[in-house]
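Protein chains in written order, with the working numbering: chain A, 658 to 957; chain B, -10 to 610.
These are computed hints drawn from the structure, not numbers from a lab.
Just so we're clear, the structure is a prediction, and the values are computed from it rather than from any experiment.
The beta-carbon is built from N, C-alpha and C at its ideal position, and this holds for glycine as well.
One should not assume that every hint holds.
[Stated by the list, open to error] If you anchor each label on the Cβ, the simulated ranges turn out as follows:
(1) A:E923 <-> B:D435: 30 to 40 Å
(2) A:G943 <-> B:H157: 33 to 43 Å
(3) A:L780 <-> B:K478: 23 to 33 Å
(4) B:E374 <-> A:G935: 13 to 23 Å
(5) B:Y493 <-> A:W667: 52 to 62 Å
(6) A:D843 <-> B:S340: 35 to 45 Å
(7) A:G943 <-> B:M(-10): 34 to 44 Å
[Stated by the list, open to error] The calculated lysine-lysine pairs, modelled on PhoX-like cross-linking and capped at a C-alpha distance of 25 Å, are:
(8) B:K186 <-> A:K955
(9) B:K183 <-> A:K956
(10) A:K924 <-> A:K936
(11) B:K192 <-> B:K205
(12) A:K956 <-> B:K205
(13) A:K869 <-> A:K794
(14) A:K956 <-> B:K188
(15) A:K947 <-> B:K188
(16) B:K192 <-> A:K947
[Said to hold, decoys possible] Chain B stretches covered by chain A per the calculated footprint, using a threshold of three residues with CB under 8 Å from any CB of chain A:
(17) 14 to 25
(18) 300 to 308
(19) 419 to 426
(20) 443 to 452
Listed here are the chains, written in short residue letters.
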Amino acid sequence: MAREYGTDNWIDWCPGCGDFGIVSSVYRAFSELELNPEETVVVSGIGCSGKMPHFIDVSGVHTLHGRAIPFATGIKMANPGLEVVVNGGDGDLLGIGAGHFVALGRRNLDVLVMMHDNRVYGLTKGQASPTLPRDTKTKALNTPSIQDAIEPSALALTSGYTHVARSFAMDSDHLKEAIKDGIEHDGASFLNILQPCVTYNDIHTSEYFNEKIEKLEDWDPESVSPTEAMNKSKITEEIPLGLFYRDTDTPIFEERIAGQLQGYQEKPPAEQDIEEDGKTILDQQGFKSKFDENIIKKKK
Amino acid sequence: MMEKLNMILGGAQGSGLETTIQILSSAFASSGNGFLADREYYSNIKGRHSYAHARVSSVEIPRSIDSEIDLLGCMDAETLFTHFDDIVEEGYLIYDSSIGEKTQDSIKSIEDPLRERLEERFDEIGIEGTVSSLVEYLEEEKDLEVVELDYPSILEDIQKEFNISSSHASRYVSSILIGAVAGLMGLDEDEVNKGIKRKFEGKEKIADQNMFLVKKVSRMVEEEHGTPLELEGSGLDEEELLMVNGNEITGMGKVTAGMRFQSYYPITPAADESFFIEQHAGFEDEGNVLVFQTEDELAAITSCIGAALTGTRSATATSGPGFDLMVEGLGWAGINEVPIVVTYYQRGGPSTGQPTRGSQDDLMNALYSSHGNFPRIVLVSGDHEEAFYDAIRAFNLAEQFQTPVIHLMDKFLANFVKTIPVPDISEVEIDRGELFEGEDYRRFEDGPISDRAFLGSEVMWYTGSEHDVEGNVSEDPENRIKMHEKRMKKLRIADEEIDDRVIYFGPDEPENLIVGWGSVKGVVLDAIEEMEEDFGYLHFRCFSPFPTEEVSSYLENKENVIAVEHSYSPRVSEVVRLNTGVRIEKEVVKFTGRPIYRDELIDSLVNIIGGSDREVLKHGP
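Looking at chain A on its own, in the form it has when it is part of the complex (with noise of 0.2 Å):
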């Protein structure tokens, strides 16, 4: 395995979790596309999947719960050379941060969102996700769940990311492929992970995703529109996993700016210099020739 993305801290995630999965595809995934550590930003919210970024050997950003679309998208825009990659759980994405999901849709800014999907919040001891379907009551709840399960895919097709794709925790291979795609992916990509959870949910395991799971065959990503996707990608019996859509067309949230912002693309905020030896690089002229409209000359 790809140990060189791995760091010395110890992995502290329940025996047997889905998210050991993911870290080791990530390590791989990383390892064959050989990203620069230093140019490399992995962003976490909270909740299991909240501590990727420590067991990843490259920068790492671990934020609030429901808030790693937004720190990304700030370090994105300010600094459009990094490979930013978020790392969610499905509470943290499409429940407390479904607001921010959305929006990074409709910007189809270049970032990566996995979002780890075990249909429970681990961390907290097994209550029910936005995935979780309505009537499952896992070990660990009181009562089944009554409300509906909202469908990932879909609602990140609707939102506008451009590469939607579903892959399996325990599926190294495919699940390396599926991170490789994303994060070569110009735009907005969402990975939907499903993963187990060993310890919260009884249901949803290894052997029931293993049972349902079906890959995409003959299925051209490029060649649907949204919504053939969105059907595809549908949960029923059967658990399809690949590519559901790819979109290279529409421009990318960095693109739009730079249309409005001259010089965004060659020097992004953190590229520009904003001071020489301790002095503003707006000097007094250049103050008032950029403020002219506010300044009122005295008649003579």
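Put chain B on the given structure of chain A with help from the hints.
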């Protein structure tokens, strides 16, 4: 002739009043006058009463406004009904004589409490309540000089002159008011025209039509009334003046400071700052400011933090309700030692409160919001000049101490339009704090202030959890003590290093001391000049770290210590007591959301000297 003039110009929101104010203020300034205007408006796009309350001076830049006005310029009847009692004896009134029969009953936008007050007032002075009955009363009883103009017939003239539709012509009421004011004040026609051209740049036809109308009205008024409101003298010494509101000058400060990322979610009265920066986003040679409208305030502060982690000077601007949503992010920036600037314009609360009215009620929110404890720097600005330099200082302090800085202002400052000298940029310094050079980087090593590296240059970890020097989660008790102390010690260093956290104005040993901050500065300074008794004013510029010793020494041996603030009970008194143990016994407060006027403050200080402990100011519609 006079040296200064107080006026109110009013009309319905969306009816062109803003244009009137911009053009007149530009003409005042280019004629060499200082200008200060409060802008009052409802949370409404069109139809409700809005006004500018201004002071113009040929000898100084005004710092405050009076409740009493020399001139009332009305675009509509509601303006007259709302403000007539504030005109001084022998003052001036401009109104539309075609609406003489109008009564308050037909004006739906008048709120019920004002309606009742008007009914009482009209009974008291014995008038039937039409516009003409009120004008007649004012002429006879208050000896007003009334400028009567038939607005519709003036508009009809211009309609014919330029062959434009009547609906188009109706937009020119703002120019009738400009012409009338220009006439009474004897403003130089060229200066007014300059203002019009500036306002309608690229729209030559509209500019011409407005100039025509202004000239026509101004001559009409001058012929009948002369120029009784002409200001004396040749004006201020400055060759040029900056005409700005608080949002604009703060934006100028941020851009000058090298801010290159600003996130925001639309909110009154902060959004105009982001809009202004966006309009000035590009630089001539290279570089630009990225202004980012987010989906909510949670994203505004967190994207701002993200940008700051890349080494970009980053800020967000908001008001109370938005700040409330940001505080979790603020704590993350605190524990991760991220230099961000939050520009916070207070408005009336709680909840939606009074979204378009001013307040100083959020000092505690700025100082103590967010769970847990982390160092924060809270700067407060009292006027436009302070706002400019504080906006720059905020970034320097944020980066020197690697901690969030809150720049706290209010709606008054945000919207007050003022002429100020052009800031001297040559004196401005940029200090980016300790930056990392070398190998084997650990983000939180060698504290209290660690060397900073940016995402993209080294591998580093951040986490909202308590962490070790490398940024990895740690719950070890000794590590907790070490890291918590590391962060809090920065506040102690800041306490030693940050100068000018209070400024004192007044005689060496005053009997009476006023304590205040923010927008009360100008009005307090103007009021105490008029007082017979000895008054000093202690003006806060920074509340965190709190300048305990300095403040304590000023509070000693005073006959009266009086807090003046826009709040229900002065937050400054609470903060002073928390930090010094000294109780400020007296207070002058105003919480209507309207600014404190010089004359009402003087009256209240007289009462305080006479033994009153609490004065609640109420003036202003």
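- [ ] Could you tell me which of the numbered hints above are not met by this structure, giving the numbers in increasing order?
- [x] Structure breaks no hint.
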